[in-house]
Amino acid sequence: MANKSQAVFTPIGLNKGNNGKIDKSVKLPPVTKKKHSELGLSDQDVVNMYQQMYLQRRFEERAMQMYQKGKFGGFLHLYIGQEAVSTGTVFALNDDDDIITAYRDHGWGLVRGISANEGMAELFGKATGCSKGKGGSMHFAKTKNHFWGGYGIVGGHIPIGAGLSFANKYQENGRISTCFFGDGAVDQGALHETMNMAQLWKLPCIFVVENNGYSMGTAARRHTVGEIHERAKGYGMKGAMFNGMDALTVYENMKKIADEVRETSEPCFVEIRTYRYRGHSMSDPQQYRSKEELLEYQKTDPVERMKTYLLNEKLQTEEEILATQEKVEEEVMASIEFAENSPFPEPEALYEDMFSGEPFFHDDQR
Amino acid sequence: MAVLQFREALLQAIDEEMDRDERVFIMGEEVAEYNGAYKVTEGLLDKYGFKRVIDTPISELGFAGIGVGAAMNGLRPIVEFMTFNFAVLAADQIINHATKVRYMLGGQASVPIVFRGPNASAGQLGATHSVAYDSMYAHFPGLSVIYPSEPDDAKGLLKSAIRNDDTVVFMESEQMYGLKGEVSDESDYIIPIGKAKIKRAGDDVTVVASGKMYHIAKQAAAQLEKEGIEVELIDPRTIKPFDIKTVIESIQKTNRCVIVDEAHPYGGMAAEAGFLIQRDAFDYLDAPVLRVTLPDVNAPFSKPLFDLWLPDAKKVVQAVKAVMYRN
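Residue numbers (our numbering), protein chains in the order written: chain A, 1 to 366; chain B, 1 to 327.
Be aware that one or more of the hints could be misleading.
[Said to hold, decoys possible] Below, computed lysine to aspartate or glutamate pairings styled on EDC-like, alpha-carbon distance capped at 20 Å: (1) B:K314 <-> B:E227; (2) B:K195 <-> A:E352; (3) A:K69 <-> A:E340; (4) A:K202 <-> B:E227; (5) B:K47 <-> B:E29; (6) B:K159 <-> B:D21; (7) B:K51 <-> B:E29; (8) B:K195 <-> A:E358; (9) B:K245 <-> A:D363; (10) A:K202 <-> B:E29; (11) B:K159 <-> B:D15; (12) A:K202 <-> B:D21.
[As the list claims (entries may be wrong)] Here are a few chain B residues that sit away from chain A, every Cβ distance over 12 Å (derived from the structure): (13) V68; (14) P112; (15) L125; (16) R163; (17) T238; (18) F242; (19) E272; (20) R279; (21) L305; (22) D312; (23) A322.
If you are wondering where the hints come from, they were derived from the structure by calculation, not from laboratory data.
C-beta: ideal position from N, C-alpha, C; glycine also.
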């Protein structure tokens with residue numbers, strides 16, 4: 001404990017004296033009461049959503065194992081626990097709406113059409129990866145599917161997301177852009193500058209904070225003031241906040257917001273409350289939260305919830321779900337084999353993809 | 001040949017490229033309704049309208065990033081900074097994003113954008129408005145850095161920059177905007193990026209200088225001529241890619257070289273060119289390469305101190321005489 005006579009700046013965290021009580025870093029609002037059919041989703045859509053979420057989950061669980069086995073290096077930031085956000089969003093958007101996100105990007109890539117093979121190969125740094133092994137875990141991308149990639153500088157891609165929508169508005173192509181980032185990014189100046197301009201210029205962009213409770217090891221209440229979603233008000237921007245542990249809730253809200261942004265060409269600032277089960281990256285000892293807290297949130301697991309929904313609504317039987325799971329498992333295991341058997345980039349690749357036009361390299365000694 | 005001010009040459013380049021390509025637009029502080037802080041964009045708003053000539057708030061990081069995103073998504077932005085001293089706030093976008101996006105996504109995107117504005121000092125503006133950033137940007141792979149010295153170079157190179165499929169940093173000077181010079185009448189006048197120009201032929205000493213420093217070096221060359229020293233004056237025009245070939249060929253003739261660079265000494269263009277010269281033209285050199293740069297000191301306000309700080313013709317003359325072992 002800090003000496004009472006000392007000044008305290010940052011609000012004090014878990015380890016330093018809340019007597020072990022569960023300190024929920026994000027409070028989850030209620031999920032939608034509507035059934036998928038009321039939301040305009042077909043039975044098959046929901047089955048597909050489950051399959052997609054299960055793929056994201058198993059892909060990352062296996063990626064984690066491969067990382068621990070030393071199959072690849074670098075950073076590995078897992079999205080586990082947040083799959084409902086990517087999945088609900090992508091089902092709500094048009095296929096040519098633009099998506100850009102931060103470095104916790106595997107789920108986004110998979111749901112926007114990066115195959116398990118291309119994804120796993122990218123993690124392994126192989127030439128067959130979605131970014132040819134040049135990006136790794138943090139820079140999954142598939143621009144032809146309008147997934148503009150994951151970015152590694154916290155908040156750095158926020159103005160770029162607005163720029164994507166600037167171009168959409170300029171070209172009058174009817175597309176909107178969506179820019180996802182973590183709660184840590186809301187403290188960056190780039191967010192403020194971008195939100196001010198986006199509202200002033202009426203850019204058709206949805207800025208989404210995936211508030212998973214932690215900016216690396218710093219709980220939201222320790223790194224930022226007030227309620228994040230209320231910041232929209234300061235910019236005269238429309239805002240929303242909802243539960244991100246339920247794909248149907250995400251779908252319902254994002255659909256409504258996307259329709260409105262497309263219609264009005266005005267931006268929206270959204271806080272989606274979610275939770276990451278794993279550490280910030282693989283090297284995180286997670287001493288900033290209690291096991292009890294983690295267990296609390298795991299009760300709201302988005303993948304399990306969707307499975308329960310499929311069963312309760314009799315959209316699929318236990319056997320059918322098992323078949324889906326087995327199919328996904330095979331896909332993921334095959335992706336590991338694919339990644340292992342794929343070649344590393346050739347040495348020439350070092351100098352490739354630097355330039356769209358005429359290449360030049362200072363003091364090129366090749 | 002029309003005689004144009006530097007700013008008029010830039011304006012012509014922007015105007016012609018906006019006319020030619022609907023995807024080109026310009027944004028920055030005061031570029032539209034104010035007609036440009038230095039009148040480079042004068043009249044563009046009236047001609048092209050609010051969609052393509054866009055006033056921004058004072059948010060360099062934000063609008064530079066919006067430019068990067070717009071470039072990735074099919075447009076060709078020209079982003080004007082009121083000075084590159086303010087672009088430091090946007091360095092994350094220029095350095096971490098514009099030049100890296102394509103590579104880290106394995107070639108899946110390109111960023112055809114021009115960041116332009118005045119660079120380096122412009123009189124007694126104090127420490128934060130007086131820094132030359134060309135060498136700093138030249139450090140980063142993928143970035144073309146252009147720093148022309150005369151209206152003709154400015155027009156031809158800016159048109160090239162706007163058409164370039166990758167990111168270009170294009171630097172000007174507040175003190176050169178009113179400078180007049182002949183500009184080619186050629187329709188669609190393009191100067192390729194990365195080509196130096198020998199602007200004065202001479203046999204005695206090769207002097208390399210770009211941007212505002214070119215004019216200092218030119219004054220020095222005129223003084224030296226009176227003393228019977230013929231300077232070969234090379235304007236690299238492009239800091240990166242740097243046309244070392246033209247410089248080396250000149251040194252093979254003169255055997256001596258002075259580099260004038262309005263950067264601080266550590267790791268600047270002068271240091272880099274100097275390294276390449278000693279490695280590639282070692283056997284041709286009759287004297288060590290010398291450089292004239294700023295000292296490793298911030299820009300002072302006070303006039304006598306400022307004059308002491310900034311490279312001038314006198315310092316260039318001294319350096320040239322030193323490499324000739326003359327007093």
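Hints, one by one, checked against the model:
This hinted pair checks out: B:K314 and B:E227 have alpha carbons roughly 14 Å apart, not beyond 20 Å. Note on B:K195 and A:E352: the hinted pairing is violated, with a Cα-Cα distance of about 23 Å set against a maximum of 20 Å. A distance of roughly 13 Å separates the Cα atoms of A:K69 and A:E340; the hinted pair therefore holds under the 20 Å criterion. Pair hint A:K202 plus B:E227 does not hold up; C-alpha atoms about 64 Å apart against a cutoff of 20 Å.
Annotation: proposed proximity of B:K47 to B:E29 holds, straight-line Cα distance about 18 Å (limit 20 Å). The suggested pairing of B:K159 with B:D21 holds, with an alpha-carbon distance near 12 Å, which does not exceed 20 Å. Note on B:K51 and B:E29: the hinted pairing holds, with a Cα-Cα distance of about 15 Å set against a maximum of 20 Å. A hinted pair counts as satisfied when its Cα atoms are at most 20 Å apart, and B:K195 with A:E358 qualifies at roughly 14 Å.
Restraint check for B:K245 and A:D363: satisfied, since their Cα atoms lie roughly 11 Å apart, inside the 20 Å limit. Distance hint between A:K202 and B:E29 is fulfilled; the C-alpha atoms sit about 18 Å from each other, no more than 20 Å. Distance restraint check for B:K159 and B:D15: the Cα-Cα separation of roughly 10 Å lies within the 20 Å cut-off, and the hinted pair is therefore satisfied. At roughly 24 Å between alpha-carbon atoms, A:K202 and B:D21 are farther apart than 20 Å, so this suggested pair is violated.
Look at B:V68: its CB is around 5 Å from the nearest CB on chain A, not clear of 12 Å, so calling it non-interface is violated. For B:P112, the requirement that its beta carbon stay farther than 12 Å from each beta carbon of chain A is not met, with the minimum near 7 Å. Chain A leaves B:L125 outside its interface by the beta-carbon criterion, the shortest separation being 24 Å against a cut-off of 12 Å. Once the 12 Å rule is applied to beta carbons, B:R163 is inconsistent with being away from chain A; the minimum gap is 9 Å.
The claim that B:T238 lies off the interface is violated: its Cβ sits roughly 10 Å from the closest Cβ of chain A, which falls inside the 12 Å cut-off. With a minimum CB-CB distance of about 7 Å to chain A, B:F242 fails to clear the 12 Å threshold, and the non-interface call is violated. Distance check on B:E272: its Cβ comes as close as 8 Å (rounded) to a Cβ of chain A, failing to clear the 12 Å threshold; non-interface status is violated. Residue placement check: B:R279 does not keep its beta carbon more than 12 Å from all beta carbons of chain A (closest about 9 Å).
No beta-carbon of chain A is positioned within 12 Å of the beta-carbon of B:L305; the least distance is around 33 Å. With a least CB separation of 29 Å from chain A, B:D312 remains clear of the 12 Å interface cut-off, as annotated. Non-interface status of B:A322 relative to chain A is upheld: no Cβ of that chain comes within 12 Å, the nearest being about 27 Å off.
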